[in-house]
Amino acid sequence: MGEPMSAGAETAERGVTPFVWFGVAIIIGATYALFMGLSYYNTPTFTTAALPTIAGVAVAVVAFLVIGAWAPPNE
Amino acid sequence: MGGSDAGTPRSVVAEGPVPVFEQPPAVIRFFDRTEEVVRSRLAKLTFFQRVFQLDRDWMTRITMLMVVASVFWGIVGAFDIFGFETQVTAFALGQSLHLSNQEIYSSLTLHGIRMLFGFAQQLELALFGIIFVTAFGLVPRHKWAYYLSVLLVNLSMVLMEGPFYLFPQFNDNYFPALGWYFYSPLGIRGLSSYVASPLWYLGWIALSVGVVIWAAWMLIHFLDWWRSHRGQVRRIPPFALFVLATVILIPLSYATVLASSAWDLLNYFGVGPVDPLANQVLFWFFGHGIVYILFLIPITAFYFLVPIFAKRPIYSYRAAFAAAVIFTILTPVLSIHHLYLTPVPPWSAWLTMALTFFIIVPSAITFFTVWMTTKGVRRGEWQWNAVTLFLLLSFAGTMAGGLTGPDNNTLAFDIDLHNTMFIVSHFHAIALLSIAAGGFAVVYAAFPLLAGRLWYSPRLAQAHFVSTAIGWSGLVLFMDLLGSDGILRRSLIFPLTNAVVSDQVWLFVFVIISIGAQLFFVANVLLTLFKGELLTVQGLSLDEIVRKMAQSTHPKPTVPISDRKFERSVPRARRERAERTWITVVVVLILGVLVTTSPLTVTDSTTIGTPSDPPAGAEYFSLVNYQYYWGVQESGLIHGSYSNVMVVHAGQWVAVNATAQGATGGFYLPFRNLPTVDIQVIPDAMSYWLFQAPSVPGVYAAPDSEYNGPWFGQDVAALVVLPATGSSSLAQYQSNGGEGDIYNPPVMGANGAFLLVDQEGLFDNSVPGPTLTASPGAVSFQYYIPTSSIGIDSYLVNVTSNDPNGQLNYLAAHNYTLPYKVGIYAINTTGGNLVPVTTMPLRVGSPMNETATLPAGVYVYGLVSPIPYVYNPAGESNWMTGSDQGDVMGMWGILWVSP
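Chains as they are written, first to last, in numbering that gives the first Met the number 0: chain A, 0 to 74; chain B, 0 to 898.
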């Protein structure tokens, strides 16, 4: 899919690219997921039972965005 | 669409004589002829011709049939949850329940079944089938196998609902109040208090067989394509890898539910050994597999559609291939991660936790690969139509739902989350925001091909997207907030704090928005079928056709649909280096989390599965969950035998061993200032736990955390924490919010208290009833059971009759006096049962005055032992329709007398 090759004329417009929009979607979704986990902060075992996992997810999201920004484009 | 009409019977549409030995079997010819007669007659009616595309090839026709059926089950499933949420919200707003417990929990069960299998999975099968056949240019064959599959899938939905009575009294409320899944032996005749219809199990068998036939059909066609293109094809298209993964996962997953359902059915008729633990593990191999079978809808949508709209190939084919392989290998082995509170061997819990963390890897690969596919696409090259908008929603939704998965998978954290609304929120984030959103992207991209017409209204498509995104997001958010409020999942009767009431009302609002949003979609589908512009595809590639169809959902399209020439300028090695870097980070983080959380995981799972060696002076609880109440035997500093009441001294260690009779239950003490206790309790197995009681004396609620039949609201026990020595008031308990959960009963003064019994047979909608406090000396309060509260949900009047007024007639005939005693009972901590202080007959319709002179101590008041009840409205309960009976104890509470 996406591979047939015939010439097409697209108009380059100013504005936000789909890559950025999908990045924003990632940030919104991940923020919500972290909020869900952190909303259980008042459970007595939160620090030992939950925090390592939530921290791991948070680091992964940051790494995802950083590596995505650094990676070469799909050209 | 779908190749030539391979199913058109040659004997009907004559093309010349066909040798007898080349003709299809007689039964197939009969089916062909019958179908042709029915089809040709219905095709004369415009409505049927358009909706079912009766002038098209059989593959299109059957796909439309599946789409229509899935929409039908989706609508019915939406009504199911509307009914459930209406009742729950009415309760939250202080109104009484209009439906019976059985009806309400049946609607919840059927909501899950219809949405997952009738709607989502059927739509998946329909779309994957037609896209696969179209994209690969296959000529579909084995028409009647496909029809049989569709028939069985839809028949299963009917069977699972079970039989219902039209007369002498309409009744559809026995079944199947099981939860969308079931824990054997819940529902099995002779083993469980609540008995489902055997049609429920036959429904599961029909569903399993139907879906496996579909997978076999797909596999045969894939092999057709593979054989005919051997040596010509370098690689399978990325999206097809995930279709293939689905086809492989279906038999692997459904084999287990087929086995567990057949086992249940045999048990239902008294045949074969009963092993609830093994049966449950077997079921959850399916329970996990089905999540990934459905999750492959958005995954396939991303790999199929994002490259089409980006007009460039996927970022890394090898990464996509690796993701498909890892999904396929890991999915079938993760059953145990749904059973972290179950007494399974600790090594299996730890291993499943580790493997579950590693199934993050293919998801991480997928989302990185799909995201990077869009990198380099300019704004003007991308169109935000309904297809790409739903892809975006699915992308965000998968993050929201998927990234809460690691929380559930961390065993020690799962103890806090497992039975709260957090799980429901997590599940719906995946089911709606990820799976259904991805499904809608595919529907908007494929439906015009089925209808032969472009989408009628871009505005309706936009309205559908916006309202759906708002509705689903709010719905998921408020489910989570109810979880953090402390509300149990499947909770029908719950504490009415301000936050809970507010969150429940908002949840209901977003349920209505979510349902209403789908009206835009249904309207657009109907308008498209009857008024849509005809779709012409001559000269267009498949990608261009998809873009053209999607374009009809955009009010002012500017991006050309034509393919564009694409030449790689970034070498594969550079792109794969980025992929490898990302996956390395993911694996390192997984290992880090695993190392950090493993010690607590091993400790917790060992504690559930093996008896602990408690400190000296510990209390020993021997618990049996009798489905609707707990039997308690205690030894240690306190000796006693109680129902629903567990007694311990402040700060004392407690060693628990627990089992169940009738259905799997859950022993749950949701402390907020101490580690939560939450263990699953299974018939024919023993679960263990060791915990330290709160240091503050008081009454701590112990709701049954597993759904084990439709009397859940009454199904709460209490841990009574006595002072370590002497007596103590509840002042400290009250001053810090009860040092426990919101399920703890409210505290109120005993003298002058007026305890009203509701239509569920509970004191003020609370189980246990309010904790009454008094000083030593004279104590006086009243119970009152209004005659108006006596109805089908009140277990207090155990009358089964064809007469809807049978309960009231019984009361009138017995002077409004029931054959039970209520009173005040002292907790005897040195052996024996509760010691009666006062007793009197239980009466309905007039206040009962409770008066006694009491020394300091802790007492139980009300109806303090379980009473039998049979739910049998209109006498229509039997082994075929289902039944519910059991011992219930709900009208009781604790009286705390202290200086």
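Hints may be right or wrong, so weigh each one.
Stated by the list, open to error - Taking lysine to any residue pairs in the SDA-like style, the calculated list, with each CA pair at most 25 Å apart, reads:
#: 1; chain 1: B; residue 1: Lys-530; chain 2: B; residue 2: Arg-458
#: 2; chain 1: B; residue 1: Lys-564; chain 2: A; residue 2: Val-15
#: 3; chain 1: B; residue 1: Lys-530; chain 2: B; residue 2: Pro-554
#: 4; chain 1: B; residue 1: Lys-547; chain 2: A; residue 2: Gly-14
#: 5; chain 1: B; residue 1: Lys-555; chain 2: A; residue 2: Val-19
#: 6; chain 1: B; residue 1: Lys-555; chain 2: A; residue 2: Val-15
#: 7; chain 1: B; residue 1: Lys-564; chain 2: A; residue 2: Ile-26
#: 8; chain 1: B; residue 1: Lys-547; chain 2: A; residue 2: Ala-68
#: 9; chain 1: B; residue 1: Lys-555; chain 2: A; residue 2: Gly-14
#: 10; chain 1: B; residue 1: Lys-564; chain 2: A; residue 2: Ala-57
#: 11; chain 1: B; residue 1: Lys-820; chain 2: B; residue 2: Val-836
#: 12; chain 1: B; residue 1: Lys-555; chain 2: B; residue 2: Ala-617
#: 13; chain 1: B; residue 1: Lys-555; chain 2: B; residue 2: Gly-538
Unchecked claim - Chain A regions said to be covered by chain B (calculated; three or more residues, Cβ under 8 Å):
#: 14; stretch: 14–21
#: 15; stretch: 24–33
#: 16; stretch: 51–60
#: 17; stretch: 63–74
To be clear, the hints were calculated from the coordinates, so they are not data collected in a lab.
C-beta: ideal position from N, C-alpha, C; glycine also.
Now the hints, each set against the structure:
no.: 1; hint: B:Lys-530 - B:Arg-458; verdict: 15 Å, holds
no.: 2; hint: B:Lys-564 - A:Val-15; verdict: 23 Å, holds
no.: 3; hint: B:Lys-530 - B:Pro-554; verdict: 17 Å, holds
no.: 4; hint: B:Lys-547 - A:Gly-14; verdict: 23 Å, holds
no.: 5; hint: B:Lys-555 - A:Val-19; verdict: 22 Å, holds
no.: 6; hint: B:Lys-555 - A:Val-15; verdict: 18 Å, holds
no.: 7; hint: B:Lys-564 - A:Ile-26; verdict: 32 Å, violated
no.: 8; hint: B:Lys-547 - A:Ala-68; verdict: 31 Å, violated
no.: 9; hint: B:Lys-555 - A:Gly-14; verdict: 17 Å, holds
no.: 10; hint: B:Lys-564 - A:Ala-57; verdict: 39 Å, violated
no.: 11; hint: B:Lys-820 - B:Val-836; verdict: 12 Å, holds
no.: 12; hint: B:Lys-555 - B:Ala-617; verdict: 74 Å, violated
no.: 13; hint: B:Lys-555 - B:Gly-538; verdict: 23 Å, holds
no.: 14; hint: 14–21; verdict: holds (count 7)
no.: 15; hint: 24–33; verdict: holds (count 8)
no.: 16; hint: 51–60; verdict: holds (count 8)
no.: 17; hint: 63–74; verdict: holds (count 9)
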